[in-house]
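Visitor: Mind assembling these two chains? They're in different frames, but the hints should get you there.
First to last, the sequence lines map onto chains A and B.
Residues 453 to 778, numbered by the working numbering, are exactly what the first sequence covers, in order.
Residues 14 to 264, numbered by the working numbering, are exactly what the second sequence covers, in order.
Simulated from the structure, these hints should not be mistaken for lab results.
Computed from a predicted structure; not experimentally measured.
Warning: the hint list may mix true and false statements.
Said to hold, decoys possible - Derived lysine to any residue pairs resembling SDA-like cross-links, with alpha carbons at most 25 Å apart: (1) K131/B / Q631/A; (2) K131/B / G541/A; (3) K122/B / G541/A; (4) K30/B / E17/B; (5) K652/A / A89/B.
As the list claims (entries may be wrong) - A few chain A residues facing chain B, derived, Cβ under 8 Å: (6) R623; (7) S627; (8) H685.
Idealized CB from N, CA, C, for every residue including glycine.
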Amino acid sequence: MSRTALGFILLIIAGVVAPWLNIYPTFLMKGWCFALFACAFNLLLGYTGLLSFGHAAFFGAASYITGHALKVWGLPPEIGLLAGTVFAGVLGYLFGSLAIRRAGIYFAMITLALAQMLYFVWLQMKFTGGEDGLQGVPRGMMFGVIDLTNNVNLYYVVFAIFLFGFFMIYRTIHSPFGQVLKSIRENEPRSISLGYDVAKYKLLAFVISATLSGLAGATKTVVFQLASLTDAHWHMSGEVVLMTLLGGMGTVFGPVVGAFVIVTLQNELADKVGSWVQVIMGFIFVICVLAFRRGIVGELMALFRNLYQRPVGLSARQADVKDTKA
Amino acid sequence: MSNEYILETRGLTKEFKGFVAVSDVNLKVRRGSIHALIGPNGAGKTTVFNLLTKFLQPTTGSIFYNGTDITEDRPAQVARRGIIRSFQISAVFPHLTVLENVRIGLQRKLGTSFHFWKSQKSLEQLNGRAMELLEAVDLASFAGTMTVELPYGRKRALEIATTLALDPELMLLDEPTQGMGHEDVGRVVGLIKKVAADRTVLMVEHNLNVVADLSHVITVLQHGSVLAEGPYEEVSKNPQVLEAYVGAAHD
Ligand SMILES: Nc1ncnc2c1ncn2[C@@H]1O[C@H](COP(=O)(O)OP(=O)(O)OP(=O)(O)O)[C@@H](O)[C@H]1O
Ligand SMILES: [Mg+2]
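The following block holds chain B by itself, in its conformation from the complex (with noise of 0.2 Å):
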């Protein structure tokens, strides 16, 4: 198969008793890219997150990690192959510490993950890792804060630095700046580029300036199919992605 697209699918659609919630998608991401999913609420977005990571089954079509079939993957396979995802709503664990949320993402390589009969101070030896991830993110300060205290924009920051902790070869970011001030998203935004530079990202976004700012190419979903596809200055010029945004607005 071809190198240059690590993730690619066929035909993908979903549908939900009747309803056609993604249809006939064939999406290629280039490996190393900031790849941008954009479209109108509703359009299938996180829906299409939700097929690549197995966490919905297609109803027809077929998806392509690497030149491998994962269309009948488990999540938790797909995920071990290397494809992480982050969440629409900020996905971290509440009620454990700063630190333990980004080492739940670094355990699991140690391989004594159902070791029940082994004391977690075997996990300390991952703590410098996790220091490090955190570091990334402008968290280290809170290591040994309860999840559930931090700001919105912090959560986001640390399910960032989970999912880095998995040295994932494609990440999904289901909106990572939604709901966030204006700094938090320049933080985010910084974030992502830098963690892009060794991997490829695919990313659902509404802010469009930071669409603009970081992705290479840009897949317009509107009703679950594919309007448009390209750079950006191509597609913001293109007239029936105008006039989607524009009628969505009109809704």
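For reference, chain A alone in the conformation it holds in the complex (with noise of 0.2 Å):
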């Protein structure tokens, strides 16, 4: 608990003084921007066990209707944020009710075709400006007081939203709820025979990490006034499953990360090696895959534990190799 307690602080320090080290701000808003998406998407796989392919539908569909709110309505930036979270949260309700009742690799794949459908969408309709995009989002004023054209106000805007996404999401998995999303990723028979209707948790479950992933794709367009195919593709639901396998699923901080280290690496190596970038980003994915599966900070919550703590019990281990999970 107070190990907690402490990330949360150091994280809040780091936030807040990191524009004054001489770091690109841009650089670090997009950093919070994934940070937030991959935290949503862990509360999904680290949390509910369900691995979705096709999150980038909500990050990219938020960023689209952020982006048309506030370059063609001309609505304030928070109205514009607002109504990019809440379309990806009704979109979230709309996949989540097709795809939840299928497991494993269905339901990723049923998120995958469902996301590539709207990727098409996107590509024939007129509004999001196809291959361009949706260029020059006006930033505006926020509540008629912050100027969002200063990139100082920008940037502590940004944190603030991620530390509010990102406390939501500390607090949806410490919750009582929390600890249902926890015991259907444990045992999901089990959790039906205690008397849980599953599908309606992992639902919900499903509708908070669209909601918050759409945040974080509506924020990613105020910041860099764009909004494009990108956000929407599923080389994105790639990356997000990637950082947060990287920085350890199933972990509070891990997501952040993770985020913060593959956009430092596309960030240093984009403009080095070009394209190598994906086959770098490729190898790493084994690499997490095949060594570390507990991604940077699972492997260090372990050696802290092996560090600090008494050594578990040889017998105990052993006894648990024999029950395999139902």
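Guide: Dropping the structure here:
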């Protein structure tokens, strides 16, 4: 518990001082947007045990809706962000309702298929600007007083949005609802046999995850003043899986770390190695899956546990091998 | 409907692509009894459990619980009516603590299980009851342990505690002593006796000593059909039953 509190404090300090450390602010803002996206994704993968392979749908949809609301309708940024986020939530409800009754690979396939369908809808629709995307989205004045064209203001607004989303997820994980989610992740038939309608719990988790993924996409649009097909492409769905696995799925801070590592690599490598960056990402993915499943934060936590806590009895470990999950 | 039987099936049948796993089973479980379901491997015992709890849909036949037809219920609904099952393979939540496992069983009653905005501290009011249940299965000293670290026998005991957390009217136990050492078997038998004092238990069990010791009525299943039914003394002398068991041993 206290370790989590310490983590929170460090995170807030890091977020507050980072722009004064000569780090490119756009990079930081991109990092927070993806960190939020990955945390939202982790709620499903890490805490409910559902692998969605179509999360770009929510990120991208919110990105377009917010972009359109700001650029064409001229709405203030807070309303534009809200519009994109709510849209993603509704979309999450629709997609979730269709996918949630399937398990494992079928669930992943359905989410992927739905996201691809939506991708082609965006490609066809006029308002998205097709291959060019929605460019020059205005930032405007938040709540009529915060001028988002000022980079410092924008940075702190983005960071505050991240913290809000991050806290929402933290709370969800550590709520009575979160306990049920974890029980579903651990042993779904058992949760059912205890009287939980698991489909309803999964659906709510899916909607929360989609909504906050949308918030991340909407915020990204304000930062880059751009909504494009990249946001809705399945590469994006893959990237968020990678960020979450690399940082540590099922850990509170892992996705944040994973997102920053990936964004950093992309930034550093893009102009040096060009499209080889994709190969490097693929390589990292393989290493993650083969060598350290728990991800960066997960491995660190395991390391600390081994250093500071009594070792687990061998007999208990051996006994564990015998019973596989039902 | 009669109040004597808590559970009744009529013509319960399950086919898997032409293979009949459960065939025309008419089961009557007397309220307050311990009823054992036995039979050789593959007889269809687990399938019967899956049908009763609606994890599987019967091909034909119907299920009555307290006189109500529950054949069309969803599995979670069946559970909420008061029928709680355990599984043949240990069914715990490995990466939750032992205390949290039991609390999952308790927390549904609070009606806050969809409250994602509420702190899980609100569940701590259940800790007292959870500890009582752990005490009952000798697990109180493991409350804070990650469940994955428990030895097998202890996991099965935890499973029973979690089941009891729901205060089920009818408990379905699928081989509760399977894979256990001698001491653990004794512990679980004692536990089942204790908890059966004020509820009904239907159990699948291979260990015939346990069956003899615990059950009031035994139903013997073979190839999906009921072969014999009655108290242990009677069933154990039934030549067909003996043959089924001996036959199975020669397979
Ligand atoms: N989902 C399924 N699909 C096809 N066949 C099944 C299915 N479930 C069970 N069976 C078959 O039904 C038969 C009865 O299986 P069941 O698991 O009910 O036996 P059991 O009496 O519990 O045996 P054991 O003592 O080994 O646990 C077996 O032949 C099994 O292969
Ligand atoms: Mg069985």
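Visitor: Any hints this thing doesn't respect? Which numbers, in order?
Guide: 3, 4, 8
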